[in-house]
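With the hints as a guide, bring both chains together as one complex.
Protein chains in written order, with my numbering: chain A, 807 to 1015; chain B, 412 to 635.
Just so you know, the hints here were simulated from the structure itself, not pulled from any lab data. A hint or two may mislead.
To be verified - With beta-carbon atoms standing in for the labels, derived distance ranges: (1) B:D494 <-> A:Y918: 58 to 68 Å; (2) B:D551 <-> A:N817: 20 to 30 Å; (3) A:V904 <-> B:E523: 24 to 34 Å.
Idealized CB from N, CA, C, for every residue including glycine.
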Amino acid sequence: MLFRQPSELVNPLAFFTLVGSLFPLALGTQPDFLRASAPGLLWVSALLAVLLSLEGLFRSDFDDGSLEQWIVSPNSLAILSLAKVSANWICTGLSLVVLAPVLALMLGLPGYCLPALMLSLLLGTPILSLIGAIGAALTVGLRRGGVLLALLILPLYVPVLILGCGAVEASLQGLPITAHILWLACLTVLAITLTPFAIGASLSISVTE
Amino acid sequence: MLELHSQKKSSLGSSPILEAVDLSCVRNNRQLFKSLSFKLRAGDMLHIRGHNGSGKSSLLRLLNGLNQPTSGHVLLLGRPLADLRNTLASRMIWIGHTPGIKATLTARENLEWLQSLHNRSASSEIPLALEKVGLRDFEDTPCHALSAGQQRRVALARLYLSNPASLWVLDEPFTCLDAEAIWQLEAHLETHCRNGGLVVLTTHHELNTRPHAYSGLDLRQYAS
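Extracted from the complex, chain B is given alone in its bound form (with noise of 0.2 Å):
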């Protein structure tokens, strides 16, 4: 069982947000891990690491209520999530390998329309969010026409948008970004920590900047 370090600093008696029993996964008839527990709480990030095909994007996927556990059940707020779909759905933001940009909308339409299906209403934001993530000048060029590393950061942009979502699942939300994006990123997350939100993230990449509550989960441990 992993419990995060900082619990009894910053959060003593609060209780967890997203917990893991006892998870495992099997996928194409290849067990990647079992016997999986955490618990999350406010302020939490968790890192997840692993190499590649270890089981990574589908232990987000089984957090985000995407797949269902082989066996072991998923936590929010001390009940199962599915019980809690919509609740999820409003505190969560996904952002995954292929994070949903359209290629033919614009940056400014693609996050109107995510805005949009999540029942969040922030366009007025919009503008100012690009520009933190350095786009403001591509505001309104078609995604087929930005770089792999623009199109991220237009995903990217929906985390500065100010919004009720507390907790923030994120696939490899370093790749294609540069230095100096990667270490923005970092702080903001931080900051996002800071503040009493929650991160789970997998990455290859070693975090240099890191909230109080940061715990990293190696899946090799747990694989079969």
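Bound-form chain A, shown alone (with noise of 0.2 Å):
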């Protein structure tokens, strides 16, 4: 479905990308800062873009009928979501974690951290498609919920976003990383066993009103 409409598909992914890329520009040549500052800055963006590309991810569902469908279908909400979600998933959050490593060279990031940048997408991105999911479901009966969905999820997105750089961080100074590794682990077999049931309430919610 996601690449029958590409500019679905490229929108969160090109957003990421510019912003890497200007923001060298934007701060100007000093590479020590630039390099100091990239873990925050990726993982910012990846998580403004995996935002991006949830907006809309229930709207044409709910528009076209479709989530109606979902309802009176004999299979459970969750089971559904779940499987919507991991489509955008693959579509957006794994495309983010193989862009990650052009970026992180471009903002001088060397090339041992790699590995803990790359790990710590892999295991945030999806908890922040499946907590933004929610957020999703819950406004997609409203008209303008873009700010309202930032609103109610950005919060949630904070310990992902500490851990996800924390990692990063740490594997730039030459710590261990397994500490943060472990803890977005955890919360990535959380969010994958309980959230569906959330976006499975919050959609029924919002379609039966």
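Pasting the structure below:
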């Protein structure tokens, strides 16, 4: 589905690339400063790119009546929403993971940090997508849900952001990253098991009012 | 209480499949209808009438379980709807105002997706169903390239697939259709009722071909 509307697929990635490539220009030519701010920068732009991709996650399904069909179908809403979010994540989150090393090198992040960056994004972006999907499901019935969506879920993104940045930061300083990564993995498992039910319930509230 | 006149004739003694008991519905602080009761048996067709905004779609959404009535209840096979969600899901086809047709998918892909969503496998019948609704040459056209009437036909093609769903809940099924398609759909609904199916529909259009057990329900009688 997503591949038939390339703009939806490309927008978040283009956003990520643009932010990543504009910052070096804005921050000037101080390689040390750039390198020090790279982990935060990459993570914040990845987070915003995921947020951007989520706003329209259920919009078309809501508008064309597919969500009603979901609800009257014998399948559980939780499984359907998990499938939908997974598909969205593979198209955006996973591509962000692949794209991140390129930007990281542009920002002067040393090569030995890349595994930490990719691993933290690999574990972190599914959490962002899943939590964001709860917000998207709750606001799908509202005409201008975008701001509300950001307001609702950004606070919940903070722990993921701190852990993700922390992992890259630690690897930059040559410290072990196991603790950060394990915490992120914990949250990922928790998100995969629990959020589908929340997404399903939110969808059913939005559709049945 | 609206009792369908057919029961004596065709399904004497058979128990009602779908039953509304003293339903009332309030939307946006406005009472749409109250004290609405009816029983539907196999072979019945219920045509819900009423002016715009009188609650026709709301009533259908109570019957298919999407919304909850303000008071009263809907019974399926004599049991509350909420207890029999899976039975309802396997027996019902719901085609609403927005029938769940994806603009980016082709007609055939849309039907395949909707069939698998409802755990019904009939992919081999899809070309035949599309042919019956007059879309033989449009099987692989993305639905955004189809006209409104053709998109409606894609949704209605679900009714031509053989499946165990006997309860059809249709909101304005005749919208955008041309005269020939309307005539054809009427005949198809009549056949479905004759084979023991059950149809609940809303439409402003007067039905020319009616099954034996046809009954009209005018929501104005139940408005407060």
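Outcome of the hint check:
no. : hint                          : verdict
1   : B:D494 <-> A:Y918: 58 to 68 Å : holds, 60 Å
2   : B:D551 <-> A:N817: 20 to 30 Å : holds, 28 Å
3   : A:V904 <-> B:E523: 24 to 34 Å : holds, 31 Å
Comparing the model with each numbered hint stated earlier shows that all of them hold.
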